[in-house]
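Line by line, the protein sequences are chains A and B.
Residue numbers are given in the working numbering: position 247 of the first sequence equals residue 247, and the series is strictly consecutive.
Residue numbers are given in the working numbering: position 83 of the second sequence equals residue 429, and the series is strictly consecutive.
Source of the hints: derived by calculation from the structure; they are not laboratory data.
Worth double-checking, as some hints may not be accurate.
List of simulated lysine to aspartate or glutamate pairs, DMTMM-like, C-alpha gap at most 20 angstroms [stated by the list, open to error]:
id: 1; chain 1: A; residue 1: K131; chain 2: B; residue 2: D359
id: 2; chain 1: A; residue 1: K194; chain 2: B; residue 2: E445
id: 3; chain 1: B; residue 1: K477; chain 2: A; residue 2: D220
id: 4; chain 1: B; residue 1: K396; chain 2: A; residue 2: D195
id: 5; chain 1: B; residue 1: K353; chain 2: A; residue 2: D77
id: 6; chain 1: B; residue 1: K353; chain 2: A; residue 2: E99
id: 7; chain 1: B; residue 1: K396; chain 2: B; residue 2: E491
id: 8; chain 1: A; residue 1: K50; chain 2: B; residue 2: D541
id: 9; chain 1: A; residue 1: K131; chain 2: B; residue 2: D566
id: 10; chain 1: B; residue 1: K540; chain 2: A; residue 2: E99
id: 11; chain 1: A; residue 1: K7; chain 2: B; residue 2: E445
id: 12; chain 1: A; residue 1: K7; chain 2: B; residue 2: D423
id: 13; chain 1: A; residue 1: K132; chain 2: A; residue 2: E176
id: 14; chain 1: A; residue 1: K7; chain 2: B; residue 2: E522
id: 15; chain 1: B; residue 1: K543; chain 2: A; residue 2: E99
id: 16; chain 1: B; residue 1: K373; chain 2: B; residue 2: D619
id: 17; chain 1: A; residue 1: K256; chain 2: A; residue 2: D226
There are 2 protein chains.
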Amino acid sequence: MSTNIGKYTLRLDKSPSITGSAAIGGKKEAEGPIGKMFDIVNYDALFGQKSWELAESEMQRQAAQKVMDKCSLSPGDIQYLFAGDLLNQIVASHYGLRELGIPFFGLYGACSTMAESLILSSMMIEGGLAKKVMAITSSHFCSAERQFRFPLEYGGQRAPTAQWTATAAGACIIAENSQPPYIKAVTVGCIEDKDIKDLNNMGAAMAPAASTTIKRYFQDTLTGPDNFDLILTGDLAQVGSDLLAELLLREGYDIKKKHADCGLILYDRATQDVEAGGSGCGCAAGVLCSYIIPAIREGKIKDMLFVATGALMSPISVQQGQNIPGIAHLLHLSSTPNPIQQGGNA
Amino acid sequence: MSTNIGKYTLRLDKSPSITGSAAIGGKKEAEGPIGKMFDIVNYDALFGQKSWELAESEMQRQAAQKVMDKCSLSPGDIQYLFAGDLLNQIVASHYGLRELGIPFFGLYGACSTMAESLILSSMMIEGGLAKKVMAITSSHFCSAERQFRFPLEYGGQRAPTAQWTATAAGACIIAENSQPPYIKAVTVGCIEDKDIKDLNNMGAAMAPAASTTIKRYFQDTLTGPDNFDLILTGDLAQVGSDLLAELLLREGYDIKKKHADCGLILYDRATQDVEAGGSGCGCAAGVLCSYIIPAIREGKIKDMLFVATGALMSPISVQQGQNIPGIAHLLHLSSTPNPIQQGGNA
Numbered sequence: 001m002s003t004n005i006g007k008y009t010l011r012l013d014k015s016p017s018i019t020g021s022a023a024i025g026g027k028k029e030a031e032g033p034i035g036k037m038f039d040i041v042n043y044d045a046l047f048g049q050k051s052w053e054l055a056e057s058e059m060q061r062q063a064a065q066k067v068m069d070k071c072s073l074s075p076g077d078i079q080y081l082f083a084g085d086l087l088n089q090i091v092a093s094h095y096g097l098r099e100l101g102i103p104f105f106g107l108y109g110a111c112s113t114m115a116e117s118l119i120l121s122s123m124m125i126e127g128g129l130a131k132k133v134m135a136i137t138s139s140h141f142c143s144a145e146r147q148f149r150f151p152l153e154y155g156g157q158r159a160p161t162a163q164w165t166a167t168a169a170g171a172c173i174i175a176e177n178s179q180p181p182y183i184k185a186v187t188v189g190c191i192e193d194k195d196i197k198d199l200n201n202m203g204a205a206m207a208p209a210a211s212t213t214i215k216r217y218f219q220d221t222l223t224g225p226d227n228f229d230l231i232l233t234g235d236l237a238q239v240g241s242d243l244l245a246e247l248l249l250r251e252g253y254d255i256k257k258k259h260a261d262c263g264l265i266l267y268d269r270a271t272q273d274v275e276a277g278g279s280g281c282g283c284a285a286g287v288l289c290s291y292i293i294p295a296i297r298e299g300k301i302k303d304m305l306f307v308a309t310g311a312l313m314s315p316i317s318v319q320q321g322q323n324i325p326g327i328a329h330l331l332h333l334s335s336t337p338n339p340i341q342q343g344g345n346a
Numbered sequence: 347m348s349t350n351i352g353k354y355t356l357r358l359d360k361s362p363s364i365t366g367s368a369a370i371g372g373k374k375e376a377e378g379p380i381g382k383m384f385d386i387v388n389y390d391a392l393f394g395q396k397s398w399e400l401a402e403s404e405m406q407r408q409a410a411q412k413v414m415d416k417c418s419l420s421p422g423d424i425q426y427l428f429a430g431d432l433l434n435q436i437v438a439s440h441y442g443l444r445e446l447g448i449p450f451f452g453l454y455g456a457c458s459t460m461a462e463s464l465i466l467s468s469m470m471i472e473g474g475l476a477k478k479v480m481a482i483t484s485s486h487f488c489s490a491e492r493q494f495r496f497p498l499e500y501g502g503q504r505a506p507t508a509q510w511t512a513t514a515a516g517a518c519i520i521a522e523n524s525q526p527p528y529i530k531a532v533t534v535g536c537i538e539d540k541d542i543k544d545l546n547n548m549g550a551a552m553a554p555a556a557s558t559t560i561k562r563y564f565q566d567t568l569t570g571p572d573n574f575d576l577i578l579t580g581d582l583a584q585v586g587s588d589l590l591a592e593l594l595l596r597e598g599y600d601i602k603k604k605h606a607d608c609g610l611i612l613y614d615r616a617t618q619d620v621e622a623g624g625s626g627c628g629c630a631a632g633v634l635c636s637y638i639i640p641a642i643r644e645g646k647i648k649d650m651l652f653v654a655t656g657a658l659m660s661p662i663s664v665q666q667g668q669n670i671p672g673i674a675h676l677l678h679l680s681s682t683p684n685p686i687q688q689g690g691n692a
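Here chain A stands alone, though its shape is the one from the complex:
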């Protein structure tokens, strides 16, 4: 059974496993530093569909199919699907996954959705509520750009603090303890509002939430940066990463040597013209599912924190002068499971 540690952290005593992952990306993602690690890349931004929205759905469909193929599973083997994306009413997920016939929980966590879906999936396994669950999310540069900013045809100039929404999807199967990565603990984030209003600076809107969630995890578990090989945020990009390091330093935690950000891993900022770095649900999902999960499985990473962050605004709320609150959800991923608790079920 799970154990509360401190006020915000839940130790998953059964250490659910991520038994499979699949990542899909577009042309720009394929050309980036980890492009070769994606399971599927497609150089056609439309993925053979009639619209960018349907292209994003097609990415989710292919990612779901790929992870099932890799794990030799069919939809009937999976009890619940936790899915979400950035599009209004999360239609990328609804249209992309409707044919699977898997009981469906729709989520909205903005760019934190990969962590939100993994946390809920791992809680299902920990609580004995399911045997196998899928967590999946996506984003698409073209569908996001026209929904959140400008029509692509407008060719608007991008601010140096702006981030590039990844065209990518990632899917994971979560099941009972069997192989690394093991999900050893989770810290669910709270909404943080620090009066940020700049739609072109999402990193600044999300960094305070990441700082709070990481600090809470360290405090709850009496750990610090030295206990981890990697503290991986997604997607603060350069501006948000610098802010996060400073915010945590003020709290007494120097994360600089251990910190990396999915938005800075997916693209080469020097050559790929992505301003501050990558973003979008598909950024953290793509990096985790292509690059990180295999590295844990191979023992290259032993203990890490995966902290996906989301900016919780809509274009309407920003136009109405509202702040941009942020959220960050954390998972402790490890190459080894939690020790078996006395009297526990693990």
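Assemble the complex: chain A is given as a structure, and chain B must be docked to it using the hints.
Just chain B, lined up with the frame of chain A:
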């Protein structure tokens, strides 16, 4: 521990309780048949705010505060918040609940969100993952109308199959087995796509999903309409209710004597000019939290199915010619808990 029954139904052996509920509504809801049962009614559609979107957030804030007051709880007593609404990027929830500081899971299930949030909340309790959880959702006629249909100022004519989005919010506290209503079992819905394309006929888009989920529950549990005092859908309204009755009759289940729909309870169609009936996340939430939960607590309803339905489209997807898929999530609510299982933990 929970027990799978059949393929789609999970019996919650610990029978989590809905220990408190609160409902808030606007002027039209206050004037309807159950208006007197709402905890808070506000005749100002703006709820003292500057925009309808902020008004909806304010409803959620007040509903959350009210249910905590009724249960003598403070935010620190609640481990997780499951919330969502109809607005793009669920901003009503994000802005309404940001000050609570409760770990937050954002959901999108369209008008099924009250059932989705209650199911996840009850699973958290059943799985020993939390002691107290809040489920909350809302909708607002004015914010929904301009997002999904036309600017209110346009004064567009409404189709007879159209539904009236409720200005309402509902919040529940879910905790360990202590008092009725008990959540005895849940059936999580799958996305159903039956080629419906009419944005003015959501009842038709959602009825097939409701039919499938109810049929699956009956098949999994070897029960039928006779086993329940009430089968309550939300929000099929008149057109969808008639379709549901016919679809289930074809499957051999005559639900007519037991069926009611939140969209037909909230308003008086004869006098309130709501076309086919009510809809919106706040419709099912408001009816459940004001009228139904107290009736179970008082023993007036002994066993019932609460089946909230959602239409999983966006205005963009409909403009692009896509179908409107539906989803329906089911909870078995009862005045008595499940019998204690041999070897169980209940």
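Between the alpha carbons of K131/A and D359/B, is the straight-line distance 20 angstroms or under?
holds (17 angstroms)
Is it true that the CA of K396/B sits at most 20 angstroms from the CA of E491/B?
holds (17 angstroms)
Pairwise hint evaluation, D423/B against K7/A, where the allowed Cα distance is 20 angstroms at most:
holds (10 angstroms)
Are K540/B and E99/A close enough, with their CA atoms no more than 20 angstroms apart?
holds (11 angstroms)
Pair hint K373/B and D619/B, alpha-carbon separation not exceeding 20 angstroms
holds (14 angstroms)
For a C-alpha distance cap of 20 angstroms, please report whether K396/B and D195/A respect it.
holds (18 angstroms)
Pairwise hint evaluation, E522/B against K7/A, where the allowed Cα distance is 20 angstroms at most:
holds (19 angstroms)
Starting from K7/A, check that the Cα of E445/B is at most 20 angstroms away, please.
holds (17 angstroms)
For the pair we were handed, K256/A and D226/A, check the Cα-Cα distance against 20 angstroms.
The given pair, whose Cα atoms are some 11 angstroms apart, holds under the 20 angstroms limit.
Is K353/B close enough to D77/A, meaning Cα to Cα at most 20 angstroms?
holds (10 angstroms)
Are the Cα atoms of K50/A and D541/B separated by 20 angstroms or less?
holds (18 angstroms)
Is K543/B within 20 angstroms of E99/A, Cα to Cα?
Answer holds: K543/B to E99/A is near 17 angstroms, not above 20 angstroms.
The structure agrees with every numbered hint stated previously.
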